[in-house]
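So for the sequence shown, my numbering puts the first residue at 1; every next one is plus one.
Please keep in mind that the hints were generated in silico from the structure rather than gathered at the bench. In this text the structure is predicted, and so the values were computed from the model without any measurement. Please note: incorrect hints may appear among the correct ones.
As the list claims (entries may be wrong) - Restricting the straight-line Cα-Cα distance to at most 16 Å, the calculated cross-link-like pairs of lysine to aspartate or glutamate (EDC-like) are:
1) Lys62 with Asp42
2) Lys62 with Asp76
3) Lys62 with Asp79
4) Lys85 with Glu22
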Amino acid sequence: MSAEIHQLFAPRTFVRIYRMPERLIEGYCFGGGVPITFTNVDWFEAIIAEGRAPLVAFIRGKTYYSPSESYLVIGDHPDFTFTIKPGQQFEPSPAEERKP
């Protein structure tokens with residue numbers, strides 16, 4: 001099977017990308033919490049078998065991406081839920097670390 005056909009039928013996960021606020025809440029949130037705003041900047045499907053590295057590279061290539069901002073990636077598959085922070089080097093997902 002060619003690589004293109006394999007990608008058509010490869011298992012995928014839905015991911016949502018949020019720009020995180022410049023400042024998060026400090027201290028405790030007793031009494032119901034403190035609202036903060038996350039901006040939803042993108043959503044799409046990602047191929048699970050490719051892992052995080054191509055996904056992070058794809059996000060960093062988007063027009064909304066700024067290296068000075070933080071992003072929260074929330075995927076339906078648990079290995080695709082992580083943050084991208086300024087200056088952060090890519091770290092493999094737990095599934096990628098388990099590969100022989």
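Hint check results:
For the suggested pair Lys62 and Asp42, the alpha carbons sit about 9 Å apart, so the restraint of at most 16 Å is met. Straight-line distance between C-alpha atoms of Lys62 and Asp76 comes to about 21 Å, which puts the hinted pair past the 16 Å bound. Restraint check for Lys62 and Asp79: the C-alpha separation of about 21 Å exceeds 16 Å, so the hint is violated. Taken as a hint, the Lys85 and Glu22 pair is honoured in the structure, with Cα atoms around 11 Å apart against an allowance of 16 Å.
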